[in-house]
Amino acid sequence: MFRLIEDAGTDTVTVCIEDREYDVPAGISVAAAVLLCGVSKVRNTPVSGSPRLPYCMMGICFDCLMSIDGVPNQQACQVEVAQNMTIEYQQGAAELQQQG
Amino acid sequence: MEYDFIVVGGGLVGSSIAYGLARQNYKVAVLDGGDRSFRASRGNFGLVWVQGKGADFAPYAQWTGQAAGLWPELVAELANKTGLGIDYQRSGGMHFCLDEAEWDERVQEMEQVREHTNGSFEYEMLNHAQLKKQIPQISSAVLGASYSPQDGHVNPLYLLQSLQQGMDYHQVDYFPGQAIDRIEAKQGGFFAHSTQGILSAEKIAICAGLNNRRLGEMLGMDIPVVVDRGQIMITERLQPFLNFPTLHVRQTAEGTVQIGYSHEDVGLDDGSSPSVLKKLASRAVSMFPLLARVGLVRAWGALRVMTPDHNPIYQQSANCPGAFTVTCHSGVTLAAMHAGPVAGWIAGNCELDLINHFSADRFDVSTD
Numbered sequence: 001m002f003r004l005i006e007d008a009g010t011d012t013v014t015v016c017i018e019d020r021e022y023d024v025p026a027g028i029s030v031a032a033a034v035l036l037c038g039v040s041k042v043r044n045t046p047v048s049g050s051p052r053l054p055y056c057m058m059g060i061c062f063d064c065l066m067s068i069d070g071v072p073n074q075q076a077c078q079v080e081v082a083q084n085m086t087i088e089y090q091q092g093a094a095e096l097q098q099q100g
Numbered sequence: 001m002e003y004d005f006i007v008v009g010g011g012l013v014g015s016s017i018a019y020g021l022a023r024q025n026y027k028v029a030v031l032d033g034g035d036r037s038f039r040a041s042r043g044n045f046g047l048v049w050v051q052g053k054g055a056d057f058a059p060y061a062q063w064t065g066q067a068a069g070l071w072p073e074l075v076a077e078l079a080n081k082t083g084l085g086i087d088y089q090r091s092g093g094m095h096f097c098l099d100e101a102e103w104d105e106r107v108q109e110m111e112q113v114r115e116h117t118n119g120s121f122e123y124e125m126l127n128h129a130q131l132k133k134q135i136p137q138i139s140s141a142v143l144g145a146s147y148s149p150q151d152g153h154v155n156p157l158y159l160l161q162s163l164q165q166g167m168d169y170h171q172v173d174y175f176p177g178q179a180i181d182r183i184e185a186k187q188g189g190f191f192a193h194s195t196q197g198i199l200s201a202e203k204i205a206i207c208a209g210l211n212n213r214r215l216g217e218m219l220g221m222d223i224p225v226v227v228d229r230g231q232i233m234i235t236e237r238l239q240p241f242l243n244f245p246t247l248h249v250r251q252t253a254e255g256t257v258q259i260g261y262s263h264e265d266v267g268l269d270d271g272s273s274p275s276v277l278k279k280l281a282s283r284a285v286s287m288f289p290l291l292a293r294v295g296l297v298r299a300w301g302a303l304r305v306m307t308p309d310h311n312p313i314y315q316q317s318a319n320c321p322g323a324f325t326v327t328c329h330s331g332v333t334l335a336a337m338h339a340g341p342v343a344g345w346i347a348g349n350c351e352l353d354l355i356n357h358f359s360a361d362r363f364d365v366s367t368d
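From first to last, the protein sequence lines stand for chains A and B.
If you count by my numbering, then the first sequence holds residues 1 to 100, one letter each, in order.
If you count by my numbering, then the second sequence holds residues 1 to 368, one letter each, in order.
Hints may be right or wrong, so weigh each one.
DEER-style ranges, computed between Cβ atoms [stated by the list, open to error]:
hint, chain 1, residue 1, chain 2, residue 2, range
1, A, 69, B, 165, 41 to 51 Å
2, B, 361, A, 48, 46 to 56 Å
3, B, 214, A, 1, 55 to 65 Å
4, B, 254, A, 69, 19 to 29 Å
5, A, 86, B, 274, 47 to 57 Å
6, B, 197, A, 2, 47 to 57 Å
7, B, 279, A, 48, 27 to 37 Å
8, A, 26, B, 292, 26 to 36 Å
9, A, 58, B, 292, 21 to 31 Å
Simulated from the structure, these hints should not be mistaken for lab results.
For glycine and all other residues, C-beta sits at the position ideal for the given N, C-alpha and C.
Kindly produce the complete structure, drawing on both the sequences and the hints.
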């Protein structure tokens, strides 16, 4: 559904989205990257479990929450892609992590 | 007169009273403020809290205990009329003690409340091992906790929505965005001059929080109101780990964790400040180390409506009989009391033995 604009640049980074590797343009947000790669959801909501995709793309709606490099509930539209980044769907509420 | 009652204020207190009056088939108008008003009902923590309240004032201990006992009935009734759930749980509540001094002080307060209520207030002191059984994530630095099965919590925004839909169900006329210029007592009734124009009623109830002092004066009542700012922050949604609300930390039904319980005297400023939020966060992490790695999504300040002795004021004007005021900080905990017995008292349909203890006359300096 989404495609790159023509002057998107040629630098790319490799990211891992749900165990699959993709080359995406350097400098874009994780939310833009997952939309470009054609995922059908980024998370399931904690209350009803309904699937969600990024919506506002500017940090307001909190609909694009994902687990990024193991940190849950990150706003994917506010994080820039990086080489070898691990990006996973956010399934419901965050797991509790004991301090360590 | 157009109405039996005008209720000034559409927060939790005004909505509870208006709902309670309309439920008795009175014709009621509510004059609410606007989005720029200070609205404690939209910023509070959501506790239905009994333990510790009234340790130094027996009538308040009894009043609070009765109010919490009336809650399940109100919840069922509102659900029946509105179809809304409000995430009410009477799970019991905890208050953590971090050291011996806090523990000793807590025991004394709990015991006082128990005596004040002739034993109807129930509590237990839990040592660390007992506490850890209930809340495995508790820090080893927490010495213990006071626990009362009579405490609970609720989503305060859903409660407000539900009361307002309950008002609608009973055909209350609700006027938002109102500023009150003056209130006149004449022709055996009351005339409220507001943005809406002039509304008249047989009786009037002033439930306008921080505005109660100004509005009370118009009706010959001297209502001392003290502003007390509290700040709250909200975490990302987490898997359930805390089944008991506490004064500082509570996990909502949706999974967010609310962190609060600051007190500041900063006048009419409902902002938030990093220094206070830092203290709140640090205390919360000292109770629950796992919160150190959790993300925050929001923070805000809200102004508590306090009185000089922190106990509520229920008052009928001596100069203008038929004019009432309710001034209190515990609009959530006391909601069922306000919708039931207090609305009955304002309507003149029931006597409440305890209510005379809450007159504002207690603040008058004796001139004898």
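Violated hints - listed by number, lowest first: 5
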